[in-house]
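Asks: Since chain D is already given, all that's left is putting chain S on it; use the hints.
Here is how the chains run, residue by residue.
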Amino acid sequence: MDLSVKIGSLTLKNPVMPASGTFGYELAPLLDINRLGAIVPKSITLSARGGNQTPRICEVDGGMINSIGIQSKGIDQYIAYILPAYRHYEPPLIASISGETIDEFAQLATLLDRQAGVAALELNISCPNLRDNGQAFGMSASATNQLLSSVRQVTDKPLIAKLTPNVTRIQDIADAAECGGADALTVANTFLAMAIDTESRKTRIGNIMGGLSGAAVKPLIVRLIYQVHQATNLPIIGSGGIMNGQDAVEMFLAGATAVQIGTATFVQPNAMTTIIDEIITYLERHRIGAVTDLIGRFELA
Amino acid sequence: MKTFDARLIANYPVNERYWQMTLDVSARDTPARPGQFFHIRCGDAWKNPLRRPLSVYNYDDELRQLEFLYLIKGSGTEQMTRMKKGDSLNLIGPLGHGFTLPDQGPLLLAARGVGVATLHALARQARAEKRGVHVIISARTPGDLLTVEALNQIGAVVHTVTDQEGTSSTASVRILSEQLIRKEKMAAIYTCGSRRLSKLVQELAVIYHLKGELATEAHMACGIGDCYACACTVCNDNQLKTVRVCTDGPVFPIRQVVLS
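Chains as they are written, first to last, in our numbering: chain D, 1 to 301; chain S, 1001 to 1260.
Since the hints were derived computationally from the structure, they do not count as laboratory data. Among these hints, one or two may not hold up.
[Unchecked claim] With a Cα cut of at most 30 Å, we get these calculated BS3-like pairs of lysine-lysine:
| # | chain 1 | residue 1 | chain 2 | residue 2 |
| --- | --- | --- | --- | --- |
| 1 | S | LYS1002 | S | LYS1047 |
| 2 | S | LYS1073 | S | LYS1047 |
| 3 | D | LYS202 | S | LYS1073 |
| 4 | S | LYS1241 | S | LYS1211 |
| 5 | S | LYS1199 | S | LYS1241 |
| 6 | S | LYS1002 | D | LYS218 |
| 7 | S | LYS1047 | D | LYS218 |
| 8 | D | LYS13 | D | LYS218 |
| 9 | S | LYS1211 | S | LYS1130 |
| 10 | S | LYS1241 | D | LYS202 |
| 11 | S | LYS1047 | D | LYS202 |
| 12 | S | LYS1002 | D | LYS13 |
| 13 | S | LYS1002 | D | LYS73 |
| 14 | D | LYS218 | S | LYS1073 |
| 15 | S | LYS1085 | S | LYS1073 |
| 16 | D | LYS202 | S | LYS1199 |
| 17 | D | LYS73 | S | LYS1241 |
| 18 | S | LYS1130 | S | LYS1183 |
[Stated by the list, open to error] Covered by chain D, according to a simulated footprint, are these stretches of chain S (three or more residues, beta-carbon under 8 Å):
| # | segment |
| --- | --- |
| 19 | 1211-1222 |
| 20 | 1225-1232 |
Predicted model only: the values in this text are computed from it and were never measured. Think of the CB as a built atom: it goes at the ideal place given N, C-alpha and C, for glycine as much as any other residue.
The shape of chain D in the complex, shown without the other chains (with noise of 0.2 Å):
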């Protein structure tokens, strides 16, 4: 059976990966790291990033809203202790780079692109708790392309689109960032949400609104996959929502070549490794040769 997947030039050997900002090598003693088909560990910002005020989280029907604020150390110290501590991992590490502008998106993929550790980059376009109300650079299709043609200037490595899905035709952003170098997509990041305490009256989270993930999503992402897949023909990665592996092969018959696990991971430390097992169960069932057989083929009912 064959698990393999290719994201542009890199191949993994299964199309499971953490989203990232929800994995990191605390979980070495409750997940087999090694299993996995990357490594995505936390968005890197330029310079140190304290982060957003509390509370950073909260939980709703069906999944969690977020708004972190990519809390950082910066560039020099993931490169200098992130990285060499994932060293030993056998899968390759996809770096998730974050900025408050396309010059400084330009300046990690420069410093990244020197790394023999990093196999990929992950262009973070679309976190909603960055800047006022929500925005991000993935709202718009040309500063998309705008910044992924600068990315693609600075560096040869492989380079993933981190898409928002708070836009109203997906499929123009998808295609701004594939016009601009993009080798694949990872659809999407979270929905800007928000949610508030009806006896206290506050907002649930701090930052007033966040980003919504977990199993809410996952008609939506499926909905956004099947809508990108149309649009282009980049690989998608796709992330939101997935429980367990049949949520994962959902994605790869909307058109999905590898998926993340973010919120499912809180649940279940060991998830992604139990997502493989389940994907492996459904290819044996069906007599599927190869998971990229699934790709985009579903049918209509």
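Replies: Just chain S, lined up with the frame of chain D:
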């Protein structure tokens, strides 16, 4: 730190808002220290996908039993009350840094609300080491005072103060604390459960040159240091730092904690 299932031995209400749960953790060989916590799945993964961090109320090394005293705060802890003897719970832990004791001398503990659960574990450890332990328990009403019996039984001296009786103001607790610090020659002071108490304990620790520690609480997602949801601010060597309650704490030296 491991993910494991534990069988529920007992789960019953202590009063209107608080419940106590006992788990059989004989399959586990890692002892849990006072101040550490476990991250617990509380039931329906749709309604309550996130785990709940509960600090150790008591860990019995001989019986291999783990006890939690928990406040029904929302739908997650509400679901926990529906669990019955024989049910299985999934836990991650023990997690975080627990309390540390001074080399010698008696301890003053000041708790409010569910904070007493965390300090109860510390009182037990200190009594097992034959230390003098005084516990100030603060609550809204006399009916809300928790664990007084249990603490008396292990030989801790309990001082109760309540809002209803007008004895729980910062000024009153300060007078009581200062008397105890002087008279008993306290070596260390610990607190959990109230910002007001924390500020007072922080001041007292500085004024009387006491070792002081605070057990903090926070909303958590992962509980193991990956997600940065449970941030709090500490000041170390005059530098403000945002740290994680789950892995850098939940117990911090009280001088470092920034209380707004």
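Asks: Which earlier hints turn out false for this structure, listed by number in ascending order?
Replies: none
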